[in-house]
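A.B. asks: Residue numbers (numbering that gives the first Met the number 0), protein chains in the order written: chain A, 0 to 137; chain B, 0 to 68.
If you are wondering where the hints come from, they were derived from the structure by calculation, not from laboratory data.
It should be emphasised that the depicted structure is a prediction, and the values quoted were computed from it without experimental measurement.
Heads up, the beta-carbon is just placed ideally off N, CA and C, and yes, glycines get one too.
Be careful, since some hints might not be right.
Cut-off 25 Å, straight-line C-alpha distance, at most; resulting in silico cross-link-like pairs (SDA-like, lysine to any residue) [unchecked claim]:
hint	chain 1	residue 1	chain 2	residue 2
1	A	106	B	41
2	A	106	B	36
3	A	106	B	17
4	B	4	B	16
5	A	106	B	57
6	A	106	B	38
7	A	106	B	4
8	A	106	A	17
9	A	106	B	42
10	A	106	B	33
11	A	106	A	32
12	A	106	A	64
13	A	106	A	67
14	A	106	B	63
15	A	106	B	16
16	A	106	A	57
17	A	106	A	95
18	A	106	B	35
19	A	106	B	37
20	A	106	B	40
21	A	106	B	43
22	A	106	B	60
23	A	106	B	31
24	A	106	B	66
Quick look at which bits of chain B chain A covers, simulated, 3 or more residues with Cβ under 8 Å [as the list claims (entries may be wrong)]:
hint	region
25	29-37
26	47-58
27	61-68
The residues making up each chain are set out below.
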Amino acid sequence: MEAAQALADLTEISSQIESAILVDAQGAVVASTLGDPARAEAMARAARELLGAAERAMGGAESRERLVQLQSATPDGCVFVVRDEERVVAAVTVPQPTVGLVFYDLKTCLRHVAGEELAPKPKARAGSKKAASENGQA
Amino acid sequence: MARRKALTALVLVGSIVGAVAWRRRSAHRRERVDLYFEDGSMVSLEQGSLEADRLLPLAHDVLDAARGS
Numbered sequence: 000m001e002a003a004q005a006l007a008d009l010t011e012i013s014s015q016i017e018s019a020i021l022v023d024a025q026g027a028v029v030a031s032t033l034g035d036p037a038r039a040e041a042m043a044r045a046a047r048e049l050l051g052a053a054e055r056a057m058g059g060a061e062s063r064e065r066l067v068q069l070q071s072a073t074p075d076g077c078v079f080v081v082r083d084e085e086r087v088v089a090a091v092t093v094p095q096p097t098v099g100l101v102f103y104d105l106k107t108c109l110r111h112v113a114g115e116e117l118a119p120k121p122k123a124r125a126g127s128k129k130a131a132s133e134n135g136q137a
Numbered sequence: 000m001a002r003r004k005a006l007t008a009l010v011l012v013g014s015i016v017g018a019v020a021w022r023r024r025s026a027h028r029r030e031r032v033d034l035y036f037e038d039g040s041m042v043s044l045e046q047g048s049l050e051a052d053r054l055l056p057l058a059h060d061v062l063d064a065a066r067g068s
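With the hints as extra help, turn the sequences into a complete structure.
C.D. replies: Here you go:
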């Protein structure tokens, strides 16, 4: 799935997410829900710095386990950062969001962009209208 | 007598509700950073700790950049 479409779906699904950006392994902005590219770049830079500082705070590369996601809660809103092997998605939400849901939606977004098929489409039952139309029957 | 008991119970319940509401409100106002690792473990850094005080300004930078403020 295209990155911009995945982010558009993300903000449509989750009303708690105000804005989100997708960054590649080199740190370049792949897609953003922010209209202004300069703001997207600034958000990406700040999110990368936050992720890097969190890793360093936990012992950097020597730490036992890899940091895969973080949430920062403030009275003004929350920052979420989730990453996979190739990309990082960062989002800003309203204050006190449903944390588990936001993480789930961000991970789903990353999987969509990675091209994973999340669930196989159910096949139409034999004899149903849909099965008939799929087979080219009237 | 019964009226006095009811009044005492009312004051007691009101105090408890007030204390719970105050605690919740102050907990929500407190800033923190939660870090999640690949093995499923999580570390919560509360405002006031050395690590959180390094990370929270960066989180505010993300918020400011996103909102253009």
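A.B. asks: Check each numbered hint from earlier against the structure, then list the numbers of those it violates in ascending order.
C.D. replies: Hints 3, 7 and 15 not satisfied by this model.
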